[in-house]
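Undergrad: Let the hints inform the model, and build the full structure from the sequences given.
Listed in order, the protein sequences are those of chains U and Y.
Read in the UniProt record's numbering, the first sequence has 154 at position 154, and its numbers run on one by one without any break.
Read in the UniProt record's numbering, the second sequence has 106 at position 106, and its numbers run on one by one without any break.
Simulated from the structure, these hints should not be mistaken for laboratory data.
Hints are supplied without guarantee of correctness; some may be wrong.
Unchecked claim - Below are the SDA-like pairs computed for lysine to any residue, each with C-alpha atoms no more than 20 Å apart in a straight line:
hint: 1; chain 1: U; residue 1: Lys-101; chain 2: Y; residue 2: Trp-29
hint: 2; chain 1: Y; residue 1: Lys-113; chain 2: Y; residue 2: Ala-200
hint: 3; chain 1: Y; residue 1: Lys-113; chain 2: Y; residue 2: Val-125
hint: 4; chain 1: U; residue 1: Lys-270; chain 2: Y; residue 2: Trp-117
hint: 5; chain 1: U; residue 1: Lys-64; chain 2: U; residue 2: Ile-76
hint: 6; chain 1: U; residue 1: Lys-13; chain 2: Y; residue 2: Ala-212
hint: 7; chain 1: U; residue 1: Lys-64; chain 2: U; residue 2: Val-195
hint: 8; chain 1: U; residue 1: Lys-106; chain 2: Y; residue 2: Lys-24
hint: 9; chain 1: Y; residue 1: Lys-24; chain 2: U; residue 2: Ala-107
hint: 10; chain 1: U; residue 1: Lys-13; chain 2: Y; residue 2: Arg-208
hint: 11; chain 1: Y; residue 1: Lys-113; chain 2: Y; residue 2: Tyr-28
hint: 12; chain 1: U; residue 1: Lys-13; chain 2: Y; residue 2: Glu-211
hint: 13; chain 1: Y; residue 1: Lys-118; chain 2: U; residue 2: Leu-21
hint: 14; chain 1: U; residue 1: Lys-101; chain 2: U; residue 2: Phe-113
hint: 15; chain 1: Y; residue 1: Lys-204; chain 2: U; residue 2: Ser-166
hint: 16; chain 1: Y; residue 1: Lys-204; chain 2: Y; residue 2: Leu-122
hint: 17; chain 1: Y; residue 1: Lys-82; chain 2: Y; residue 2: Ser-271
hint: 18; chain 1: U; residue 1: Lys-106; chain 2: Y; residue 2: Tyr-28
hint: 19; chain 1: Y; residue 1: Lys-113; chain 2: Y; residue 2: Arg-208
hint: 20; chain 1: Y; residue 1: Lys-263; chain 2: U; residue 2: Asn-235
hint: 21; chain 1: U; residue 1: Lys-50; chain 2: Y; residue 2: Arg-174
hint: 22; chain 1: U; residue 1: Lys-270; chain 2: U; residue 2: Val-195
hint: 23; chain 1: Y; residue 1: Lys-204; chain 2: U; residue 2: Gly-167
Unchecked claim - Just the calculated beta-carbon pair ranges, DEER-fashion:
hint: 24; chain 1: U; residue 1: Trp-59; chain 2: Y; residue 2: Lys-226; range: 50 to 58 Å
hint: 25; chain 1: U; residue 1: Gly-167; chain 2: Y; residue 2: Thr-260; range: 28 to 36 Å
hint: 26; chain 1: Y; residue 1: Gly-167; chain 2: U; residue 2: Tyr-26; range: 20 to 28 Å
hint: 27; chain 1: Y; residue 1: Gly-167; chain 2: U; residue 2: Asp-169; range: 55 to 63 Å
hint: 28; chain 1: U; residue 1: Phe-28; chain 2: Y; residue 2: Leu-162; range: 25 to 33 Å
hint: 29; chain 1: Y; residue 1: Asp-56; chain 2: U; residue 2: Gly-104; range: 32 to 40 Å
hint: 30; chain 1: Y; residue 1: Val-43; chain 2: U; residue 2: Ala-271; range: 21 to 29 Å
hint: 31; chain 1: Y; residue 1: Ile-78; chain 2: U; residue 2: Ile-263; range: 53 to 61 Å
Backbone N, C-alpha and C define an ideal beta-carbon position, used for all residues, glycine too.
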Amino acid sequence: MSTLARLRRWIGKHLVLGLGLLVLVYTFVPIAVVVLMSFNNNSKSKNVYKFQDFTWNNWLHPFKPGGMKDSVILSIEIALLATLVATILGTLAAFALSRHKFVGRKAANLIIFLPMASPEIVMGSSLLALFVSRGFGGQLGFITILIAHVMFCLSFVIVTVKARLSGLDDNLEQAAMDLYANEVQTFWRVTFPLVLPGIIGAALLSFSLSFDDFIVTNLNAGQEVTFPMFVYGANQRGVPMQVNVIGTAMFVIAIAIVLGNEIFRRRQEKALAA
Amino acid sequence: MTSTAGIAPANPHDSAAPAPRGRKLTGYWLILPAALWLGVFFVIPFYSLVSSSLFDPNGSVLTGYNMTWHFANYVDAINDYKGQLWRSIWYAGLATLACLVIGYVLAYAIAFKAGRWKNLMLVLVIAPFFTSFLLRTLSWKLILADDGWVVGFAQTIHLTNLLNFIGLTGTDDRLLATPFAVIAGLTYNFLPFMVLPLYASLEKIDVRLIEASSDLYASPMRGFFKVTFPLSLPGVVAGTLLTFIPAAGDYINATLLGNTNTKMVGNVIQSLFTTQGDYAAAGALSVTLMAIIVGLVLIYVRTSGTEDLV
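TA: Printed below as a string of structure tokens:
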């Protein structure tokens, strides 16, 4: 076979994979820009959309821009609390939906699905309409942001944990019962450890959804400023380069947790198989 | 709204009766907190929104609003903002189409060509989600900047002329601050919502069916359009809806990457609520957007004939 024909066959075989990888590369281009810009020194010119000089300064003084530190702290506080509440309520609901029979399961599934399929602007404005209505007194702030975040994180937690539960091998629980473990022991020694990676995944997803949310938050925040709101507001005057430090740090931490979770899961599966 | 349930990811455990474990009331107790939260903070707010859309438009945040069943708010909202409504549908539609093409390639590659790298590639699909949505969108400002290489390359291959011809950019050879930039931003930001459902339905396809088509002398192209694509339709429907719906309501891309003539309906709703304090008009516009989306979804699901598939 001539080299040309062989080359053509090779291309034919790997074309789709190559194109797919190209799409993946494309999704990472903006991330690369964020990382790059976290090292940008823009003190000489006002143009914040151009890499000028390399500097460590943004990383050494990440909270230099006024108001940014408070916004990051607020976002972390809200994300942690929203994650905690949404993960607990969502996990309980996921167990109910996949393990228990009750009237209204179909309706429950629908109501859980709808928040994921509604535009954020509609959800945000609905909540605002509720909060300013007479019964709620129109006090917008920390609590209203938290309520909104738990609301839109819940559905994602339920779906994620439910997926993990439906992939579980029933035999493992049966085996525990056969070996005289009671229900409580079976749950904490067998079921819960098996579902845990799903719960951790759901918590991670909640945290990043909450930390990242702008549209719903902006409508219900009152005087509070979260990190995405800080970035949006700063955009009008020129974004400080330090926001890219926060963006990069978030990304690195999240990837580390995802990989850690994956390694933990693989080890556990190996241990079960052994 | 009920029929949107049809696009929920199919789960065999949903329809089958769950194993009769646990006592009778446990299920209710477990679901109660989440159900209450979603009821009070998702379902009831929608009712508040509908009622605020019928307020007397002469009220203000300071003096309070009176409920006057003022249905004319809807007529006013649609008349005043039909341009932005139409633009939102148009931009979101184009972005969804672009996502479908790009996303299908990626989902297909992961499902059939990735081999042992499948899991890693799936993680990489969602990984960009972990940096801020706003920062990723702002990055496109730098990538599409006027003196950047993307614009230079687009000019060299006359892409800018083509885009100008179909009306997505201006005559000044720029990419930033054009409808094209907004649509590109929407495409980028909502791509994972397309890839994941597409992957889920491609993954379920029995490869032997595709092999059979080639045994029966179908060309790879023909095999794809006659076998693979029809079998992936549930994923196509779910993916297009999950991309289109958030894209139609988005205003971050329109604000950061567009200009004053690319404002979408989200821009209007948020400024009516926050800066103008016109809750009646904002509510009416918000309900109108939701109604248009639900209407389009219903028509789409009917015509694509996938009601039973999903």
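Undergrad: Take the hints in turn and mark each one as holding or not.
TA: Verification of the hints:
1. U:Lys-101 / Y:Trp-29: With Cα atoms ~12 Å apart, U:Lys-101 and Y:Trp-29 stay inside 20 Å; holds.
2. Y:Lys-113 / Y:Ala-200: The hint holds at about 15 Å.
3. Y:Lys-113 / Y:Val-125: holds (15 Å)
4. U:Lys-270 / Y:Trp-117: Judged against 20 Å, a Cα distance of about 19 Å means the pair holds.
5. U:Lys-64 / U:Ile-76: holds (18 Å)
6. U:Lys-13 / Y:Ala-212: holds (19 Å)
7. U:Lys-64 / U:Val-195: Violated. U:Lys-64 to U:Val-195 sits at ~42 Å, over the 20 Å cutoff.
8. U:Lys-106 / Y:Lys-24: holds (17 Å)
9. Y:Lys-24 / U:Ala-107: holds (19 Å)
10. U:Lys-13 / Y:Arg-208: With Cα atoms ~18 Å apart, U:Lys-13 and Y:Arg-208 stay inside 20 Å; holds.
11. Y:Lys-113 / Y:Tyr-28: violated (44 Å)
12. U:Lys-13 / Y:Glu-211: Given that 20 Å is the threshold and the Cα spacing comes to 15 Å, the pair holds.
13. Y:Lys-118 / U:Leu-21: holds (12 Å)
14. U:Lys-101 / U:Phe-113: holds (19 Å)
15. Y:Lys-204 / U:Ser-166: holds (16 Å)
16. Y:Lys-204 / Y:Leu-122: Holds: Y:Lys-204 and Y:Leu-122 sit about 15 Å apart, inside 20 Å.
17. Y:Lys-82 / Y:Ser-271: Since the Cα atoms of Y:Lys-82 and Y:Ser-271 sit roughly 16 Å apart, the hinted pair holds (cutoff 20 Å).
18. U:Lys-106 / Y:Tyr-28: holds (13 Å)
19. Y:Lys-113 / Y:Arg-208: Cα-Cα ~15 Å, so holds.
20. Y:Lys-263 / U:Asn-235: Holds: Y:Lys-263 and U:Asn-235 sit about 17 Å apart, inside 20 Å.
21. U:Lys-50 / Y:Arg-174: With a Cα-Cα distance of about 16 Å, the restraint between U:Lys-50 and Y:Arg-174 holds, given a limit of 20 Å.
22. U:Lys-270 / U:Val-195: With Cα atoms ~16 Å apart, U:Lys-270 and U:Val-195 stay inside 20 Å; holds.
23. Y:Lys-204 / U:Gly-167: It holds: about 15 Å lies between the C-alpha atoms, which stays within 20 Å.
24. U:Trp-59 / Y:Lys-226: 50 to 58 Å: holds (55 Å)
25. U:Gly-167 / Y:Thr-260: 28 to 36 Å: Between U:Gly-167 and Y:Thr-260, where Cβ atoms are some 50 Å apart, the hint is violated.
26. Y:Gly-167 / U:Tyr-26: 20 to 28 Å: The hint (20 to 28 Å, Cβ to Cβ) holds, given that Y:Gly-167 and U:Tyr-26 are roughly 24 Å apart.
27. Y:Gly-167 / U:Asp-169: 55 to 63 Å: For U:Asp-169 against Y:Gly-167, whose Cβ atoms are near 56 Å apart, the range 55 to 63 Å holds.
28. U:Phe-28 / Y:Leu-162: 25 to 33 Å: holds (27 Å)
29. Y:Asp-56 / U:Gly-104: 32 to 40 Å: Cβ of Y:Asp-56 to Cβ of U:Gly-104: about 38 Å, so the range 32 to 40 Å holds.
30. Y:Val-43 / U:Ala-271: 21 to 29 Å: Given a distance of about 44 Å, which is not inside 21 to 29 Å, the answer is violated.
31. Y:Ile-78 / U:Ile-263: 53 to 61 Å: The hint (53 to 61 Å, Cβ to Cβ) holds, given that Y:Ile-78 and U:Ile-263 are roughly 54 Å apart.
Consistency with the previously given hints fails for numbers 7, 11, 25, 30, ordered from lowest to highest.
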